[in-house]
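Add chain F to chain D, keeping to what the hints say.
As they're listed, the protein sequences go chains D and F.
Just so we're aligned, residue 8 is where the first sequence starts under our numbering, counting upward by one.
Just so we're aligned, residue 428 is where the second sequence starts under our numbering, counting upward by one.
Because the hints were derived from the structure by calculation, they are not lab data.
A few of these clues could be false.
[To be verified] With beta-carbon atoms standing in for the labels, derived distance ranges:
#1 F/509 / D/56: 18 to 26 Å
#2 D/94 / F/502: 43 to 51 Å
#3 D/59 / F/468: 43 to 51 Å
[Stated by the list, open to error] Only some residues are given here: those of chain F computed to face chain D with a beta carbon under 8 Å:
#4 437
#5 450
#6 505
Think of the CB as a built atom: it goes at the ideal place given N, C-alpha and C, for glycine as much as any other residue.
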Amino acid sequence: MTIINFTPVPALLGGALIGLSAAFLLLAKGRVAGISGIAGGIIYPESRADISWRIVFILGLILGGFIYQWSGFGVGVQHIAAVVDKPVLIVAGLLVGIGTQIGTGCTSGHGICGLARRSPRSLVATLCFMGSAIVTVYVVRHLMGGAA
Amino acid sequence: MSQSMKQLLAALAAGTLFGFGLGLSQMVDPAKVTNFLDILGSWDPSLAFVMAGGLMVNALVTPLILKRKRPLLAEFFRLPTKVEIDNRIIIGGILFGIGWGLAGYCPGPMIASLSFADSDIITVVIAFVVGTFAARWVLARRSL
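The shape of chain D in the complex, shown without the other chains (with noise of 0.2 Å):
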């Protein structure tokens, strides 16, 4: 193992304004900010009252990266594509959609607003999705050789 590219206080920054925004949606909506569950109620709603504050915060997230882009913090990021072909790309994402719809979470729901609030179940997400990319990366990378 060697350690590469340490950038821990703009990670740690990052990570308290994700949680400030957390607790920020939660003080003034009561609501989670679980990224793939926010995005659900839009691509599959249970509820039409329920759809105009996801897109707006998901607009919000989109405009949130756009303004780090031209912020002058983006400045250190010289190039920011995927680094894996179309077809791994597409069978990526009907994973992410599909195992975060079924675990009903993902990195923010569980990850941060769920392990805040000490769920069980969160914790038993987080361990199984930081355990299956972590084998997935070393399988990728070691056992079969590719650039992921």
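Just chain F now, with coordinates in the frame of chain D:
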């Protein structure tokens, strides 16, 4: 300003802050994500600090918020109520992790990355939308 308008502004502010945080922390860089997951190879531990930062703030503030009778702009808190560990949480978690490891995109960074207006990102988001729709369509009809 009406209550529903305030709710929308709050959601916009929360989303924007979240997206900016994903950019600043470089969660939007799939190369950084897959290097974080490669603990037995060329490991970049940075993203553990994203989770640590998010968890610290949230774990500190969430209990205080939940002491309130109700949120600022809504009638009540809507939190997940299930507690039991079922097959869904395990199977779903594992499938999601495989997808995350394959391309380095989890839902938040994937959607925030639409700001890069790149055909690869649009591809992975469309696949995510199709997977989400299919899973919710099936789940609405039968329980796993």
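Here's how the hints hold up against the structure:
1. F/509 / D/56: 18 to 26 Å: 23 Å, holds
2. D/94 / F/502: 43 to 51 Å: 46 Å, holds
3. D/59 / F/468: 43 to 51 Å: 44 Å, holds
4. 437: 4 Å, holds
5. 450: Nearest chain D Cβ about 3 Å off; hint holds.
6. 505: 6 Å, holds
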